[in-house]
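The task is to assemble the complex, starting from two chains supplied on their own in separate frames and drawing on the hints.
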Amino acid sequence: MTLKTEPFMLNIGPVHPSTHGVFRLRTTLDGEVIIDIEPIFGYLHRGVEKLAEERTYTGFIPLTDRLDYLASMSNNLGYVIAVEKLARIKVPERAEYLRVIIAELQGIASHLIAVGAFLNDCGAFFTPFLYMFREREKIVDLFEMVSGQRLLYNYMRIGGFAQDVPDEFLPALDKFVRQMPGFIDEYDRFLAENEILLARAKGVGILTREMAIDICASGPVLRASGVKWDIRKVDPYSVYDRFEFDIPIGSVDDCYDRYRVRVEEMRQSLRIIKQAMEQIPPGEIRAKVPHLVRPPVGEAYAHTEAPKGELGFYLVSDNSIAPYRCHIRAPSLMNLTALRDMMIGWKVQDAIIIFGSIDITMGEVDR
Amino acid sequence: MTISLSGQKVAKQIAERFPEVVSEVTDQAVVVKSESIFKVAEYLKNSQDFKCDYLNYIAAVDYYDYFELVYQLTSREHNHSLVLKTRCYDRDKSIVPSVVSLWRGADFQEREIYDLMGIAFEGHPNLKRIVLWEGFSGHPLRKDYL
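Just so you know, the sequences run in chain order A and B. Residue numbers for the first sequence follow the numbering used here, so the first one is 1181 and each next one is one higher. Residue numbers for the second sequence follow the numbering used here, so the first one is 26 and each next one is one higher.
Hint data in this document are derived by calculation from the structure and do not stem from the laboratory. Heads up, some of the hints might be wrong.
To be verified - In silico DSSO-like pairs for lysine-lysine, Cα to Cα no more than 27 Å straight-line:
1) K1408/A x K76/B
2) K1230/A x K118/B
3) K1454/A x K1355/A
4) K58/B x K168/B
5) K76/B x K37/B
6) K168/B x K153/B
7) K34/B x K1413/A
8) K1413/A x K76/B
9) K168/B x K1265/A
10) K70/B x K1413/A
11) K153/B x K1230/A
12) K168/B x K1230/A
Excised from the complex, chain B in its bound form (with noise of 0.2 Å):
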């Protein structure tokens, strides 16, 4: 059975590593602030503890004040996972890192994103719109968009 780890116990983890990221820590899921995203990732995914090399999938959700970005990232060696979280409040540039040069997995599912909820991420080697054509105007998965 793949271990869920509680966001308290890799919040704390982190924060002993980077002070001030963590803006938020539920039971499931740490929060972390999007510019620090890309090296939490990769004390995630590097570090002995967590070992997280694998990455289930990137998902954004649209609040209405903010945009929220799901990481689930599964270690298979120690066969835990555990959710990373980060938020944009800024509806007409928001703008996360890339983390596809940790895991190329992200490469597609960053461009989705990009594409139907409008979230553009920093550092990506071809951010374009994926399932819509060029030239589209808005962003579908956005609660605005009708």
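Here chain A stands alone, though its shape is the one from the complex (with noise of 0.2 Å):
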């Protein structure tokens, strides 16, 4: 006898744990193995882009806060490049350096987030998410030092910063950065050869380089998938040209490969905020820009190595106050092009830890 069998549609999301926000995944199982799938978004769609056209160009800035909430700092920096390309603004090399720094910092804070998170996913419960929350919690010391906030902190502006870093911020972040290389090595220690991490890491959810290219991948996503393709290397920004560092890739372009890349990009962001640290000058920390800036009419794209990937701004100046038109390349929603490709063929459980190690933020997804 045989049993009839049939496909089961199973939704997944938009409110659910693993989805790491408000993200809903349609999937079709056979059994417990994906089929197809479908991702939906849109739960988080506040009309940043539109948001932009109504606002003067700095107070735009706080809305690209709320993007990549979890990487703040570095929308922060995405954004007043574009614009200091669009107006052409020159920014005093102090500020230069505390950029490199605060997006070096935000960086780590972010692959701490994606690492623990993806953890999680594996079936790790809450216990390395704490310890990277550990760690964590002392950038977000620092930032809160710097800005007063401690998870939007709209602390750039156009031209500089909003005020100079305190005395004591650069004894602690000193403090910080002797501290971390330990912490980091302790999460090899329990992890790296973690045979748990490795029976459902490994070999799952290949995305091949081919692929990751074909897709417009960025960050660590594509780099674990082989290309060595960083912008603060290939096209530098601020000061990045004067730092030593090197690209971690991947090499079999799996699950534990974005892994090991973004472990191993923590490692690389120390490297340079200590460059950063023993080359930082004295001085400005604002340029002298107006109130209201009003760029010459023109457009301009300016693409950052945000945590997630490449994150640009495309603006468009009518020589007003407030931009024409806004355009947020967001690496998260790229990202997931491949997604179904990766996930089918897989069992429900391997599919919630492809989707971790993409990571993704829906604030960025949706905007």
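Structure representation (structure tokens):
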């Protein structure tokens, strides 16, 4: 006797701990095996691009915080660099160095959450996550020191920063930079050779090099697929051309490689911060910029290497106080393009890991 | 440093291959006719001189008289980038050929432009609204949407 079977529809999300926000996945299953998926977005759509057209250039900075809310400083940076390119504003040297330090710290904080949440998805429930939060807390304390905020900082301004860092910032940063390598070694000791992590993540969710380029992936997802492409190196912005660092890449293109690349990138970020701390000059923190910036008629695209990938802002100016058009190139959205190909053929629990390894923030996907 | 190719240089090479497709040239960008965007993009992707295998972004801008689509392409091998533009003048029936078959990364971006700006992409495998729901009326990023 043969049993009649038919595909089964399972709806995951939008409100589910493993969807990292309000992401919905409509899956079609054959038993436990995924035969089709359809990602559904839009639950966090706030129309940020439209809102930009009604705000001044400076007034839009707080909204950039709310794109990738786990890496607010990186979003600030991406946006102010685009405006500075459009308005041809030169940023003082001290501010450039400070931007590098802040952006790299934010990169570490974001990667800590990415790795912690990924392990959560693997089934190591909240223990590694809280270890990661222990260190993220130190970074958040540093950011609170400079901006007064703990999540949405709104610290950068067109032409520099809102205010200079307090005197106790650099010693506190120095302490953090000396402590952090030990913590990363600790993660490696617990996790890199962990049998469960290896069994769950090795060989799962392969994104080939060709496909990664085809879907315009960026950031750790692209690099884990073996593509040596980091905007800080290939198209340096700010003062990134003055620092020495390596670009870690993966070789098997699986979830484990994406995890490894993130851990390795934290070490590289620390290297950059160390060099920047040695070289940071005293001086002005903000260029002389009028209260209402009126860039000349034209357009500019500036991209930065945010923790999730290439974050770009395409701005069009009509010489008024508000952008005529502000298009945001969101890395999280593009990295999701190949989700279907990565998930088909795997079981539901693998799909959760694959999704977690891409590391997205819904604020950026939906905008 | 990624080299930004000047519009004039790119336009010259496109014009040699496809006469009468380039409609305007600026320092940063080449504007081509909307019906030929696919073959120009295909040429830029596959020719040895350009090899633009990476699509940075697609953006749509509403200039009242026309919609402008902006494509930024990058070649990883040559480390250069260029900006390709096209325009569509019909506000009610704006249709542009899709480039999804060249770069799959265009998939969600074209859906987003269709959703928010109301430009349809011919040849897109799954053209439907992405962030707003089916049945929503209007396209919010248009300048005449209130």
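Going down the list of hints, with the structure as the test:
{"no.": "1", "hint": "K1408/A x K76/B", "result": "17 Å, holds"}
{"no.": "2", "hint": "K1230/A x K118/B", "result": "22 Å, holds"}
{"no.": "3", "hint": "K1454/A x K1355/A", "result": "11 Å, holds"}
{"no.": "4", "hint": "K58/B x K168/B", "result": "23 Å, holds"}
{"no.": "5", "hint": "K76/B x K37/B", "result": "16 Å, holds"}
{"no.": "6", "hint": "K168/B x K153/B", "result": "21 Å, holds"}
{"no.": "7", "hint": "K34/B x K1413/A", "result": "26 Å, holds"}
{"no.": "8", "hint": "K1413/A x K76/B", "result": "20 Å, holds"}
{"no.": "9", "hint": "K168/B x K1265/A", "result": "25 Å, holds"}
{"no.": "10", "hint": "K70/B x K1413/A", "result": "23 Å, holds"}
{"no.": "11", "hint": "K153/B x K1230/A", "result": "20 Å, holds"}
{"no.": "12", "hint": "K168/B x K1230/A", "result": "9 Å, holds"}
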